[in-house]
Amino acid sequence: MTNPQNLNIQTKINRIPQIKMSKWFSTILIILFAFLLGGILIYLIGANPFLAYGALLQAAFGDMNGIAETMVKACPLMLAGLGIAIAYRAKFWNIGAEGQIYAGGIASAIAGIYFTAVPGIILLPITLLAGLLGGAILGFIPGILKARYKVNEVITTIMINYVMIQLTAYLVTGPMRDSSSGITISPQLSKAAWLPTVIPKTRFHLGIILAILAAFIVSWLVYKTVLGYQIRAVGERARTARFAGIPVERTIVLTMIISGSLAGLAGAVEVSGVQHRLVEAFSPGYGFLSIAVALLANLEPIGVIISSILFAALLNGADAMQRAAAVPIPVIYVIEGVVIIFIALRVLHKEKD
Amino acid sequence: MNLIDTSKPIVEMLGITKHFGQVIANEDVTFTLMPGEIHGLLGENGAGKTTLMNILYGLHQPDSGKIFINGHPITIKSPHDAIQYGIGMVHQHFMQVPTQKVVDNIILGLKNAGRFILDRHTARERLIRLSESFGLKIDPEAYIWQLSIGDRQRVEILKALYRDIKVLILDEPTSVLTPKETEELFHTIRKLVESGLSVIFITHHLEEALSITNQVTVLRNGKVVGTIPTRGTNKTELASMMVGREVLFRLEHEINQRNEKQEILIVDGLSAYNDRGILALQDISFKVMSGEIVGIAGVDGNGQSELVQVLTGIRSAFKGRFWVDGIDLTRATPQAILMHNVGHIPENLEDGLIGEFSLIDNFMLDLHYVRPYSHRGILDHNRMVENARQLISQYDIRAPNENIKARTLSGGNKQKMIVAREISRNPRLLLAAHPTRGVDIGAEEYIQNLLLKKRAEGMAILLISTKLDEIMSLSDRILVMYRGRIMGEILREEANIKKIGLLMAGSEG
Amino acid sequence: MLQQFFTISFITGFLASTLRMASPILITALGEMVNERAGIMNLGIEGIMILGAFTGFVVAFETGNPFLGFICGGIAGAILGLLMGVVSVRYQANQIVAGLGIWILCQGLGSLLNRHVFGLSATRPEIHTITPVAIPFLSRIPIIGDTLFNQNIIVYLAFLLVPFFAFFFTRSIWGLNIDAVGEQPRAADAAGLNISKIRISTSVFGGMMAGLGGAYMPLALYGIYTDDLSTGLGWMAIAVVVFGKWKPWGLLGGALIFGAANALQFRLQAMNFPLPYQFLLMIPFIVTLIIVIFFVRGDSGPSYLTIPYSRSEN
Chain R
11 MTNPQNLNIQ TKINRIPQIK MSKWFSTILI ILFAFLLGGI LIYLIGANPF LAYGALLQAA
71 FGDMNGIAET MVKACPLMLA GLGIAIAYRA KFWNIGAEGQ IYAGGIASAI AGIYFTAVPG
131 IILLPITLLA GLLGGAILGF IPGILKARYK VNEVITTIMI NYVMIQLTAY LVTGPMRDSS
191 SGITISPQLS KAAWLPTVIP KTRFHLGIIL AILAAFIVSW LVYKTVLGYQ IRAVGERART
251 ARFAGIPVER TIVLTMIISG SLAGLAGAVE VSGVQHRLVE AFSPGYGFLS IAVALLANLE
311 PIGVIISSIL FAALLNGADA MQRAAAVPIP VIYVIEGVVI IFIALRVLHK EKD
Chain S
77 MNLIDTSKPI VEMLGITKHF GQVIANEDVT FTLMPGEIHG LLGENGAGKT TLMNILYGLH
137 QPDSGKIFIN GHPITIKSPH DAIQYGIGMV HQHFMQVPTQ KVVDNIILGL KNAGRFILDR
197 HTARERLIRL SESFGLKIDP EAYIWQLSIG DRQRVEILKA LYRDIKVLIL DEPTSVLTPK
257 ETEELFHTIR KLVESGLSVI FITHHLEEAL SITNQVTVLR NGKVVGTIPT RGTNKTELAS
317 MMVGREVLFR LEHEINQRNE KQEILIVDGL SAYNDRGILA LQDISFKVMS GEIVGIAGVD
377 GNGQSELVQV LTGIRSAFKG RFWVDGIDLT RATPQAILMH NVGHIPENLE DGLIGEFSLI
437 DNFMLDLHYV RPYSHRGILD HNRMVENARQ LISQYDIRAP NENIKARTLS GGNKQKMIVA
497 REISRNPRLL LAAHPTRGVD IGAEEYIQNL LLKKRAEGMA ILLISTKLDE IMSLSDRILV
557 MYRGRIMGEI LREEANIKKI GLLMAGSEG
Chain B
56 MLQQFFTISF ITGFLASTLR MASPILITAL GEMVNERAGI MNLGIEGIMI LGAFTGFVVA
116 FETGNPFLGF ICGGIAGAIL GLLMGVVSVR YQANQIVAGL GIWILCQGLG SLLNRHVFGL
176 SATRPEIHTI TPVAIPFLSR IPIIGDTLFN QNIIVYLAFL LVPFFAFFFT RSIWGLNIDA
236 VGEQPRAADA AGLNISKIRI STSVFGGMMA GLGGAYMPLA LYGIYTDDLS TGLGWMAIAV
296 VVFGKWKPWG LLGGALIFGA ANALQFRLQA MNFPLPYQFL LMIPFIVTLI IVIFFVRGDS
356 GPSYLTIPYS RSEN
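Protein chains in written order, with our numbering: chain R, 11 to 363; chain S, 77 to 585; chain B, 56 to 369.
Incorrect hints may appear among the rest.
Only part of the chain S face toward chain R is listed, based on derived beta-carbon distances under 10 angstroms [what the hints assert, rightly or not]:
no.: 1; residue: Glu426
no.: 2; residue: Glu432
no.: 3; residue: Asp437
no.: 4; residue: Arg452
These are computed hints drawn from the structure, not numbers from a lab.
C-beta: ideal position from N, C-alpha, C; glycine also.
If we strip away everything but chain R, and leave its shape as in the complex, we get (with noise of 0.2 angstroms):
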């Protein structure tokens, strides 16, 4: 039962008073807030943070090769975490880009290898697609468990992404492993399906440009159309969405093949332009990563752009923070869950119903 209007009674102070200030200056904050945290960490582990944040932003910012670098991995984040905004604009806590990047990844790097008989043009094509079936079949699953079946979505999409990354370790050690090499590899993709390079003499591949592009694409999905609008009402209010009409079940599952779509991409932008094979283990927690970055974002798509990058720079400069100044890697995971413990405090809160 909801309240009545005349029980407008004020936050009895068991909270801090909520401190005014637009979305951008709170990111901002949150930023900050989460590597002052980090710096302290490092410290403490007897490590010159000033060294580390300075090797970490040299090597993502420093020069052509690292900006392009960062780039090379803001693409799939930038693609997940569009995947993630829109899944989570209608309240649906998709946990699950990880597994849906190994579904794209799998998918594509089948297309690209096995399917000689297609003509060299469209192979590319049809290999990206290829990898957004997979992430749409995967998101689809617990999509329409969650619609139908009000099967709980946080569990559902973890235990698939487990599930995911072992499906991948036996396919390269199995019936796709490349017999030639050493290692647990698939064959090479044809090279009529590798994603093109873009700036020669670094790895900044065509994948970057597909990705911007897809994010002003899902922006103006969200706001300009009407399943856009569906997805909103859905995710504020179900129950008056569906009282007006708005198809609450056929939204949720168009949202989760929409999301697990532009994840599965990520994967096969990955595999096509980065790896050029299969490989075991190929996202370094790209999917985790990207719920960071949409939720930096506050869920705006173009935002993710710009948070996709952060992000990216953080995985980028990792390695190089690790050479320069002895930091483990893992620290750029802990900044990462500070940042989404702060983003939980701005994040609406679900109402009763």
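Based on these hints, arrange chains S and B on the given structure of chain R.
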């Protein structure tokens, strides 16, 4: 038994002022309760009655003012303090845990209920003794969710009595009762007063105030308009004190002269279960013609909600059918039903809007996927803005602009927004569930007159309401629902409270 | 191959292993149950288990006393539970997001500290695990003896906690209060209960139990610590709470099922069961999926789960 000095007030609230941000809920309010008195606190929704009593009960702190109990100045920082001073409150929305037993609910939070293990035995005994001496029958072992609303209210009262209170505040207790249950409640109140309690009775119903109270304080816009003995006043005087102007008691209800009356809504043998799996609708059959208002009276919880849910496609009926304009919509989706020119004002305000959406977007809830507001899946923002502006001005919705979030509107304006949206689509059939619930008198009058206007234009309206005066002044025909069945149909001319009340309570006319 | 399954030694070993593997899930799930009954859902317990495991291992390694390790693992968990509680209650944060943040934070912290304290040496530091305590007479009963009465002390504790909590929630005041807070906080508030205090307490308790559950892994089972020792157990605990419908005996059933899935996976691997080992590793997760799909439907549980309480209504 204490020797109460009946010439000195038992409760005095002097100069109470309370702000909530910009809103002044109480302004310099003075309220006095004499021992053994039944004191009515009367005013419209939002007049500040509940706030004042919440202050007395320790749920709020006043910005300024003093409170005295038996002449002693005191501060009440929490309900715990209030209870220590002998003040108990029965809220409009019961503070009960549905999944727990009656006895557990009553002893929740009490210090002497045991150290680690609950002492249910002592509590049960005491409860039975109390319920017998005040005639409030209740089973301590029953679970709250099994009880009827009247029973649940009795549990709330017993909760207060269990704590030895001397002053009982009742906040709008009759809004959930049938006329017969209301009589029983009044009987209980008189008995409580005989035993030495004093009662504060918050209400916005004039008749009730007149029938049960000795003294009445009227609040308007947070200020006291006057405190007078009940015996010396009447409905008209109280009403104008409440509202500050002349209030019409009967709305302009023309006999509808339209010749071709079409059957717009036909319901035949509808039966459905509620969420608990219990039969909520049993063989419901009725018709609504064009240009008529059919009112469904009945206490909340007798199947009205489920009926509307079936008619809007949210719930499926396992038996029976219904037709709108000749088309069988029994199995139709909510979207299809809306597309067949059915309008719906949901019984809960919050179900009719999305607080985080702008007014523009809220006005589009039903229509965002049709022309001209969208083409092939893409929204036409300009049309949407135009529509919003037009509706805001046409229906006099108080908002600075169309871009603000809906949750910033006042209750009355929120409801007006919902009504505007539904009516502007010009539906053939309007399902109006409690359209004036929680809304101030100005908006209430507006909405009621709007419904009559649309009726005159030929709209078929199914009105569901717990406000009997609203049902009686708006409806051409009145159907009374009880336990999922239609107990009887009463024509407007023959309608009176007694008849309706009997049907509401389950007797067969 | 098939007849291997039906030997007494296999069955006994499997059952005993089931109880051993069920214990960390049961402990963690009981803690989460208490927390959820008060209205807080802590999705970070997967991470808290990691930090509990690490803390327990380090302390046991340095001091040689595994029980001290357990205590410290519990304390670490309690601190993280406090973080979750404060963030959810005092700052009214979105609990789902906060829980995820804690999970990722703990993962990172665990790996970081592991690397910092033990480095990346080739040889893994080891400790002695706690030894089983056989109950006299009863442990000699065939099959059941080894299964039920020849376990380490934490297993006994975990299983004894089940009837304890059953009693706690039906007969004690604290249990009643916790349920009131999770089911209808306004009623609890009106009755004078301190919602914040109760919720933060259950959060601390839930965190402590997750820490203990995590510490169990190195201290009672493996004797070593790796970053992925307790992978997935926290999520299984969350599933178990819903599967058990927030009731202790129900949780026991769920924990046993997951324990069996984990035990089975190990046995099959050891037996060189003719399935690629990656598929064997998938078994517990697939079992969780199946259970969740068929038994764990959303709309149930404490009415105010994940919904913060404040006296303002908007």
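Under the criterion of a CB-CB separation shorter than 10 angstroms, is Arg452 of chain S in contact with chain R as hinted? holds, 9 angstroms
Regarding the hint that Glu432 of chain S lies at the interface with chain R, is the smallest CB-CB distance below 10 angstroms? Interface hint status for Glu432 of chain S: holds (5 angstroms vs cutoff 10 angstroms).
Going by Cβ atoms only, is Glu426 of chain S closer than 10 angstroms to chain R? Holds. Min distance 5 angstroms.
Supplied contact hint for Asp437 of chain S, tested at 10 angstroms Cβ to chain R: It holds, given that the least Cβ distance between Asp437 of chain S and chain R is near 7 angstroms, below 10 angstroms.
Checked against the numbered hints given earlier, the structure satisfies every one of them.
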